[in-house]
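Line order of the protein sequences matches chains A and V. Numbers given in this note's numbering equal positions in the first sequence, counted from 1, plus 635. Numbers given in this note's numbering equal positions in the second sequence, counted from 1, plus 635.
Keep in mind the hints are simulated off the structure, nothing from the lab. None of the values given here were measured: they were computed from a predicted structure. Any given hint could turn out to be false.
Sample of chain V residues facing chain A (criterion: CB under 7 Å; computed from the structure) [said to hold, decoys possible]: (1) 640; (2) 644; (3) 648; (4) 649; (5) 781; (6) 788.
By construction, the Cβ of each residue, glycine as well, lies at the ideal position given by its N, Cα and C atoms.
Protein chains: 2
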Amino acid sequence: MNESLQVELGARAYPIHIGTGLLAETALYGPHIRGDQLMVVTNERVAPLYLEPVRQALAAYRVQQVILPDGEQFKTLEVWNRIFDALLDARFGRDSTLIALGGGVIGDMAGFAAACYQRGVDFIQVPTTLLAQVDSSVGGKTGINHPAGKNMIGAFHQPRAVVADLDTLDTLPQRELSAGLAEVIKYGLIRDAGFLAWLESHMAELLARDADALAYAIRRSCEIKAEIVAADELESGQRALLNLGHTFGHAIETGVGYGAWLHGEAVGAGLCMAADLSRRLGWLADADLERVRRLVARAGLPIGPPAEMTAGRFLELMVVDKKVQKGQLRLVLLPQLGDALVTDQVDAESLQASLCAHVPV
Amino acid sequence: MNESLQVELGARAYPIHIGTGLLAETALYGPHIRGDQLMVVTNERVAPLYLEPVRQALAAYRVQQVILPDGEQFKTLEVWNRIFDALLDARFGRDSTLIALGGGVIGDMAGFAAACYQRGVDFIQVPTTLLAQVDSSVGGKTGINHPAGKNMIGAFHQPRAVVADLDTLDTLPQRELSAGLAEVIKYGLIRDAGFLAWLESHMAELLARDADALAYAIRRSCEIKAEIVAADELESGQRALLNLGHTFGHAIETGVGYGAWLHGEAVGAGLCMAADLSRRLGWLADADLERVRRLVARAGLPIGPPAEMTAGRFLELMVVDKKVQKGQLRLVLLPQLGDALVTDQVDAESLQASLCAHVPV
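Turn these sequences into a full structure, and let the hints guide you.
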């Protein structure tokens with residue numbers, strides 16, 4: 636099975652290939668490689684599993700590799716710099732191509748290195764986690780963390796192609812699978828109530844890694860993301876809807892220390908918090924909030940933040956998030972399930988109440 | 636006196652203001668500032684001289700500052716990161732604006748920080764050296780050095796405006812004035828034989844900081860740069876001509892250690908090396924080469940590399956420069972004075988001879 640979608644971005648348009656046995660498909664990479672110098676950026680967990688098939692598929696090129704430590708806590712300036720060390724050690728030029736082989740952390744760091752090496756070279760996303768396949772590999776957001784905030788240093792830099800091989804999910808730890816489902820649920824919540832209902836009735840298959848169910852969930856997620864990104868590449872408008880749950884989630888990730896919670900876990904809790912706040916504003920019904928919490932919980936995700944995250948700590952961290960404009964916090968909320976909007980009109984009292992409403996996880 | 640040019644880049648078009656008393660002109664900054672959060676990025680030498688007038692001009696905004704050490708040796712990842720520390724300490728959002736107040740190093744680092752902070756915020760160039768006023772502040776090339784190569788990590792990110800106040804040249808050390816003249820001479824060599832002749836007859840005035848002569852040299856340089864950048868923002872073609880002398884120059888800067896030679900000094904030597912190689916290829920006459928060397932020397936600049944830069948060391952460093960394509964070194968050379976081209980057809984023998992031809996400085 637191999638399906639392809641296109642992210643329609645004019646001169647920067649690119650395909651997303653979704654299927655099985657794709658890692659080894661030379662023909663998927665070739666059209667997107669200009670020179671003959673390739674740098675595979677991967678991590679210590681993924682390299683033993685998937686580096687070799689990728690290298691074999693690219694045997695016609697001069698391939699180098701850089702293997703980084705695995706985890707959100709390594710998405711730092713220092714680790715990022717190791718990609719430049721490798722590129723310069725290998726004397727790679729402006730027509731070299733980076734291959735991001737791994738999850739969201741690898742994709743973000745390799746993509747940001749591609750954005751900045753010699754002021755911009757090409758890169759290809761080869762996501763190996765569910766989260767990266769449905770979300771972070773598509774759309775060109777790249778970057779690294781700063782101790783004071785998630786993804787604070789980065790660039791918009793679109794990949795030349797995304798190669799999402801479903802086979803790589805076979806080796807994914809269950810916790811990572813759940814993390815990816817947080818973003819899948821997000822797409823249903825912001826854009827497609829039908830897909831949300833489908834997720835409710837297929838969560839068991841997804842958790843059991845039923846191939847057809849996963850393929851459908853990934854394809855539908857990529858379709859929604861591709862459509863939103865094509866309409867608003869640089870997030871001047873509707874692209875912000877993709878951040879549902881993320882302002883809360885980023886605060887949790889930064890607050891508990893990068894790597895303690897997976898990004899998808901923090902987003903799962905963030906989705907519930909956004910739903911809770913939407914209910915307090917009178918938009919969602921109690922039953923809607925319950926549906927969101929139940930689905931997130933069934934995906935194996937936390938439905939609220941850890942106890943250490945006080946309202947004060949949330950506010951402190953949320954004001955440095957990228958959604959602040961003119962000093963006003965902007966949040967993505969849900970007027971109804973399947974429909975989202977950005978608002979800076981949240982009253983302090985409702986926000987405070989939501990931040991304090993720790994539900995048992 | 637206040638003249639304005641426009642860099643014609645469609646939605647990213649911006650003015651270059653050249654004149655006296657401009658630092659304190661509130662009206663020059665205002666139209667280019669969106670939010671109310673401003674971060675002045677400057678260095679330890681410039682801050683005592685010019686930070687206060689700039690702060691006063693911007694008194695209506697919330698202004699913070701970050702003061703970096705002065706010199707090319709500080710154009711590093713670590714020092715660059717201090718800009719992010721300052722931005723996040725101050726809780727600056729996506730609608731903040733950076734003000735680069737200083738020479739080329741400050742402009743490159745602040746511009747690159749603006750390119751990457753929250754994936755891109757605005758910045759304004761306020762160049763205080765001749766080199767920055769005629770060259771580095773215009774055109775959107777930003778970046779930092781890597782130990783293995785000059786400007787290897789960076790981005791194209793256009794400023795919203797350039798404010799070049801000639802008064803700031805009053806405090807410029809003579810060595811820095813000379814360094815700036817290297818880029819001025821470059822414009823004559825690549826584009827305007829008439830301007831080159833004007834420089835030959837006005838070098839004494841320029842070195843004596845005659846206001847009219849400096850104003851004319853800066854304006855003509857900015858005109859040429861603006862025209863070339865407007866035609867080829869991302870250097871897919873003719874913009875490469877602006878790198879005349881720079882592949883040699885970058886090798887010298889990296890080879891002797893960042894900061895030992897000023898960028899303009901290395902470019903001065905590089906211009907002479909490019910002219911020497913152009914003569915060996917039968918393009919320039921002996922007399923042309925002599926004209927170039929004499930003018931560079933009169934500007935107070937070296938006309939060749941230091942003795943420690945052997946041909947082998949040059950080649951080693953030049954292959955990592957950004958002008959390499961498909962493993963082939965590309966050089967900007969001079970078919971005649973006032974006209975430049977990019978070629979990858981230089982025979983190894985001529986190149987070797989040029990790299991070995993150390994002339995007494």
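Against the structure, the hints:
{"no.": "1", "hint": "640", "verdict": "violated (24 Å)"}
{"no.": "2", "hint": "644", "verdict": "violated (16 Å)"}
{"no.": "3", "hint": "648", "verdict": "violated (18 Å)"}
{"no.": "4", "hint": "649", "verdict": "violated (18 Å)"}
{"no.": "5", "hint": "781", "verdict": "holds (6 Å)"}
{"no.": "6", "hint": "788", "verdict": "holds (5 Å)"}
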